[in-house]
Amino acid sequence: MSEPCFPVKPILEKCAEFLEQALLPGLNEPLLIQKTYLTSVALHILANTVEEKGRDLIDENNGMREVLGRVLEELRRKDTLSRCQAGNELVEKLDRTIKEAGALGASLSEENTRLKGALVDAIKGLDALSSTLPLETMSALRRQIRTAIRLQLDHGLAHLEGVPVAF
Amino acid sequence: MTEIAYLKERLESYLRARFPQRKQLAVAEFNRVAGGYSSMTYFFTASWQESQGPVSQTLVIRMLPEMGPVPPYDIRPQYEAMTAVYRSGLPVPKIHWLEMDSSVLGHHFFVMDKVDGEMMMFVYPRETQFQAQLKQEYIDYLAKIHALDWRPLSFSALQPPQSNRHHAEREIERWQWAMERNQYGPQPLLTEALVWLKNNIPPAERTSLCHGDYTAANMFCHDDHIVAIFDWELASLGDPISDLGFACMMNDTMRWGFWDDKEFIRAYEKASGVKVSEESFFFWKLLSYVKLAVAELGAIRTALESDKLEVHQFTHLVLSRRIFKGVAEMLGF
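For the protein sequence lines, the chains are C and R, in the order given. The working numbering applies: residue 1 is where the first sequence begins, and numbers increase by one. The working numbering applies: residue 1001 is where the second sequence begins, and numbers increase by one.
It is worth saying that the hints were derived from the structure and are not from the lab. Since we're looking at a predicted model, the values are computed, not measured. Don't be surprised by glycine CBs; every beta carbon is placed ideally from N, CA and C. The reader is advised that the hints may include incorrect statements.
Claimed, not checked - Simulated DEER-style distance windows between Cβ atoms:
{"#": "1", "chain 1": "C", "residue 1": "Cys-15", "chain 2": "R", "residue 2": "His-1222", "range": "48 to 56 Å"}
{"#": "2", "chain 1": "R", "residue 1": "Phe-1043", "chain 2": "C", "residue 2": "Ala-103", "range": "24 to 32 Å"}
{"#": "3", "chain 1": "C", "residue 1": "Gln-34", "chain 2": "R", "residue 2": "Phe-1043", "range": "33 to 41 Å"}
{"#": "4", "chain 1": "R", "residue 1": "Gly-1185", "chain 2": "C", "residue 2": "Ser-131", "range": "25 to 33 Å"}
Unchecked claim - Chain C side only, calculated, beta carbon under 10 Å to chain R, not exhaustive:
{"#": "5", "residue": "Leu-108"}
{"#": "6", "residue": "Arg-114"}
{"#": "7", "residue": "Leu-119"}
{"#": "8", "residue": "Ala-122"}
Said to hold, decoys possible - Every beta carbon over 10 Å from chain C, so not counted as near; a handful from chain R, in silico:
{"#": "9", "residue": "Phe-1019"}
{"#": "10", "residue": "Arg-1022"}
{"#": "11", "residue": "Thr-1058"}
{"#": "12", "residue": "Glu-1127"}
{"#": "13", "residue": "Pro-1160"}
{"#": "14", "residue": "Gly-1185"}
{"#": "15", "residue": "Pro-1186"}
{"#": "16", "residue": "Leu-1189"}
{"#": "17", "residue": "Glu-1192"}
{"#": "18", "residue": "Lys-1198"}
{"#": "19", "residue": "Leu-1331"}
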């Protein structure tokens, strides 16, 4: 588990607040002002990323496992694919990656990265098989893949909610 | 000796050798301009003696980067595009010369005029009474760049596409390659978007000189007019709708809200006399999101690998999420 055991988030927020409220108003040098402001932005980003990460990764990994399992199921169900080398290779690759992703000792992040890699393989593999698979099956799998991607995106966006972009 | 001092010294020797008739030539105020994704920009002032008295000139160096998000870098397309557009009378800084000897300053570079002004992205929201005028100029210049007859210009680095899908294919291939190079982990969202793009290429109706990075961040304004269009490093010959897609994507991503897509397209159609296909616009706007997302990944990766990590590079993390959201929303999920 990557859940932090001490309150990192409020500490980082306090550091950012200190920079913004105590330090920034007293600065005159433009470069120092810019750097201090940007350091506070970086601290906000870090603060918003640390605490919920463990829960998010579990959800993301479960979501990806589920989708990849469905892709595998569909691919195995199609008789036509059993005679197709690309289809067989994709099935083998996904099967192996799913098993290895949660191997003993792998951290949540490592598992997340491996499953994302498998999702990328699934997207590319399904595209290569698009003429072999029925349109309806393709659409259904694509929808499920997009749902898993959306979950990851929502987690990323939630962590960065309210953080200003500076240029 | 600092890197800046070293470059200044090298530049001074180079200019003395290049312009032997300029007596007592010296370089002062040699500074690097912060920001930008890849090409490096330096300002310098050269001064020398002529029979009538002392002369000084402030110029700009645009130089290829040490490392950047979308290699391989070639400065010649940028040079060819800017030179052609400058000669057509549009507001682009005059390039004085191109230096392809990388032993001079370490990389290929060109020297151009310095233009005084302020970025349109800052001027536009402030100068409310001039917004209509600025918007019109922004769109008119884009239409004029696209109308430029590039065929007699003998470009060598800028290559025309070989078919009406080739520009899009070339772009997809380039950004797919850059994504794979730049990613610090698998990117399912961008992979999904690239697969969609590959399967939905619209045929281009014409081939034009395209800026490739046409945004209010690359326009300089002075006295409420656009006086310079910068950053031509993504210039190409291809489907001009690509520039419309990029301009509108940036307007959304940066939350400028200067115009909405339909209004922008209508104004462009009026200025250019060319109808914009909805499918083409959608395709190029989505590809623009992917381009920017990949550039952001590259900026993050460059920051992580560089020994000169700047705090502002953390903001790429925020921006990249916003761009990813745009990609997902365009694809309808």
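Could you work out which of the previously given hints the structure breaks and list their numbers from low to high?
1, 2, 3, 5, 14, 15, 16, 17, 18 and 19
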